[in-house]
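Colleague: With the hints as a guide, bring the two chains together.
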Amino acid sequence: MDRKKVISRTQSVTYRKRISPSRIFTALATITVYWFVARGVEFSPTQLVEGLPGIFEMGRQMFPPDLRVLGELFWPVIETLQIGILSTIIASIFAFPAGFLAAANTSPHQSIYFFTRGILNVFRGVSEIIWGLLFVVAVGLGSFAGVLALVIFSIGAIGKLTAEALESVDPGPVEAIRSTGASNWRVFLYGVWPQVIPLYLSYCLYYWDHNTRQATILGFVGAGGIGYTLFVSLSMYEYEQVTTQIIVMVLLITAIDRFCWFLRRRII
Amino acid sequence: MTELQPKADSATRYIFKTKRKLRLNYALAFIAIAGVFLWASWGTGFNIPGLLSGTPLVYALICRMFPPDLEILSWLLKPTLETIEMALLGTTIPIFFALPLSFLAAANTGPHRVIIYSARALVTACRTVPELIWALLLVSVVGLGPFPGVLALTLHTTGSLGKLYYEAVEAVDPGVVEAIESTGANRFKVIWFGILPTCLPVMMSTTLWLWEYNNRAATILGLVGAGGLGLALTHAFQDFRYPEAITCLIIIVLIVTIVDRISAYLRGRVI
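In the order they appear, the protein sequences are chains A and B. In terms of the working numbering, the first sequence opens at residue 59 and continues consecutively. In terms of the working numbering, the second sequence opens at residue 4 and continues consecutively.
No lab work stands behind these hints: they were computed from the structure. Since the structure is predicted, the reported quantities are computational estimates derived from the model, not experimental observations. Don't take each hint at face value.
[Said to hold, decoys possible] Cβ-Cβ distance ranges computed for the label pairs, FRET-style: (1) Leu309(A) with Tyr62(B): 38 to 46 Å; (2) Val39(B) with Asp315(A): 12 to 20 Å; (3) Glu130(A) with Pro246(B): 35 to 43 Å; (4) Leu25(B) with Phe152(A): 23 to 31 Å; (5) Ser293(A) with Val39(B): 27 to 35 Å.
All residues carry an ideal CB built from backbone N, CA and C; glycine is no exception.
Same shape as in the complex, but just chain B (with noise of 0.2 Å):
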């Protein structure tokens, strides 16, 4: 018993070293994040006295909106569809770029390094420039509606799809590879018998995903012309028509909500 005692004195020392280890770098975690608020609360002008007088503002504005304005809705059916429609379609043309890029830029593979990096470059480019910014250049180069829209969603997409085709190719087992491969197919017979059938319910969750995405993106794109429900809303904001600019919300949120449900039935069914 006396021989066990050092040693047990040592592991309860242990113990209590590592714990206030770990509340030290919790506690420099807390002051750094503390810091970190207090300078940007300062940059951005956000304090609690202005949060408490913006709150009956916030409320005056919702009372000034309700009861929504039913009258318009004949007229919303439009933008609306348009904005369903821009989503799918949206979604749908990017996958026939980005499944050819992302075997281009997936490490096991691309024919060749040089094809690799650029496709990995052009995959970053179209994915990091928001779509809000593809739908305003493109906008002026097509002209307004919503076929610039449609090409804006399958830009900022094929950019997003790419990338997250290519870490799912990456992510598959090398041994299916090669096994396929040592039944002497060539290249494209890998992709096409081992590489695809593994990584398909994976890419076709993350296209459910992007789906989802593109429904929420589509309702803004009508902020710079580009069609949908975001110009509907953007007009009712602009000419203070408070009534019909919550009717607008209603149908983003009712739009939102079923896309993400028939997104999950769906995704129940694949994976």
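If we strip away everything but chain A, and leave its shape as in the complex, we get (with noise of 0.2 Å):
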């Protein structure tokens, strides 16, 4: 067969496997289905361009940030820091036991797994800022109701990767333990508990980088911490104060990620 044959017969080939009919099918229907979810969401363009000199006059009223709210702002700061710092410690304490109860490999029955793993996924399923309106309506206002939503999210997100760790320990040095004749108490201490406990230990730093960023806005349902002075800004039109507020939410967001990240490379 001549070169140009080859290349052709090539050529055409995949041609043919780039523009198939299923192909040209999946095509449509992912084009109809964004078509239908960009109506249903009102998506103009037309109202961004139109909103584009609102968003020029905010910025404008933005600056500069008052920076003399800067003084109100330092208990919110530290208020907002305890409820990051106190909800992961909470959450940690009860994320093992419900993680270990969610596992499948270390579950001591079947119906308790089951239970323990639909009652994290409710956890987990419904945001901070729901569980926080929840408790403010329960316990009041406040930084202890910011306190237990956190605690309660967590305690599904920690407990649902511990349990996803548990599973996937390497079953060789947990059957050499068992080999010696060790109970069940020994397998797990000197068997699994080594290998989770350097992701468990990261799972929950990463929780606390998250929580902290979650008890920023948490005060938007009035669960204490600095969310909850730049609602009342916002709420004021005092977009000066806000961009002040802004920054030091991010500066605080920031520094956390940067500890957080400084600590796991120690841990691991």
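Modeller: Shown next as structure tokens:
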């Protein structure tokens, strides 16, 4: 076969591969879905373009940042940090046993496994803010409600990740320890625990970062922290104060992010 | 035997020493955590009696929520669809922004140091502002409804995806890049044929992860008037219609669970 023919044949093959009926169908289906979705959310570039002067106007009002509120922000920032720390510590105490019960290989019974798994899914499925809304109704305004909200969510999240870590434990060391005639408790302590603990600690650190981030906005539903001051300033159209508050928030989040990164590198 | 004795002794001593040191480290870490815990619980007013007195209140709230009000299901269809749609668009649109940004921000593909740093600064700025605050700002600019919600998710997700993408690009084996460069390919071709295929699975997996995240985030954007189930939920709470609130919560848990399953299935197919 001469060279040209080979080339044309391979080209036609790749050509046929690229445009096949099933691919055209997938592309059309995708476009249709996105068309309906865009209509569903009232997606309109014109609205955005019409809003552009508004964006510039707001940007103008936001500058220069009002630095006088910095002093008032001190205690909300401390409170935000405290909410993040407290909720992570409490959640990490409960998350490990929960993960232990929700892992297929360590759970004592099938029914306990499904039950714990379901509870963890519900804890994790509802956002922190909505838990905050619930707890504000139940225990009243303030950072206590925020702590409870973050504790519930983080138990769900860390518990699920821990369960997955437990399920993917290397069976080799576990069997080796079991073969020495060790009790179940010893097998867990010397075979499973050392494998899981670095992962578990890194999840806890990750959720400390996450919880501090969420604590900054929990104030929107009245659950304490810096979010509340931001919400007040926004509803009074004090955009210069809003800028300062957002800057402080971003600095806080970045600082925690860096600190967690540093700690994680030390641990793992 | 007698010659070996001192050696063994020093080894045991060494082990005991490190063990003691380790124990000391654990003790110090424990004291530090306990101290921080006490400080934080003092600041937030957290205490065991408060927790115990709160339990009946939570229980009472749960009692008032049941049975769920299923009559509003037909009315909740639109907000539910809006939530899913916001999450879908809020994850798809950012891909088109985050992908170019990540190639500008990655150390191994960025054209110039200034561009690398400014792209990274842009990504970080988008990511560190929570989506609820983006939504709050955008609602006051483009008005109420799901559209500002999509924009808010787009901004925040562009930041998150951008960061995860450029980390994936930077983790690409330099051998791949060199192999393609040695054929005389330009920068664009190196990216298209070398880097993109290598980190595509990681990118897809992170995109799926953000899709899950955005479905959860889309349920709360309604709190600030940006559409979705959050709005219905807030109204139900404000008017003390708890049976309606629990219906909203059940739908939210269902959406999140189903999306988690779909995402896990797709991730299994991709990787």
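Colleague: What are the numbers of the hints that this structure violates, sorted from low to high?
Modeller: Going through the list in order, the structure violates no hint and respects every one.
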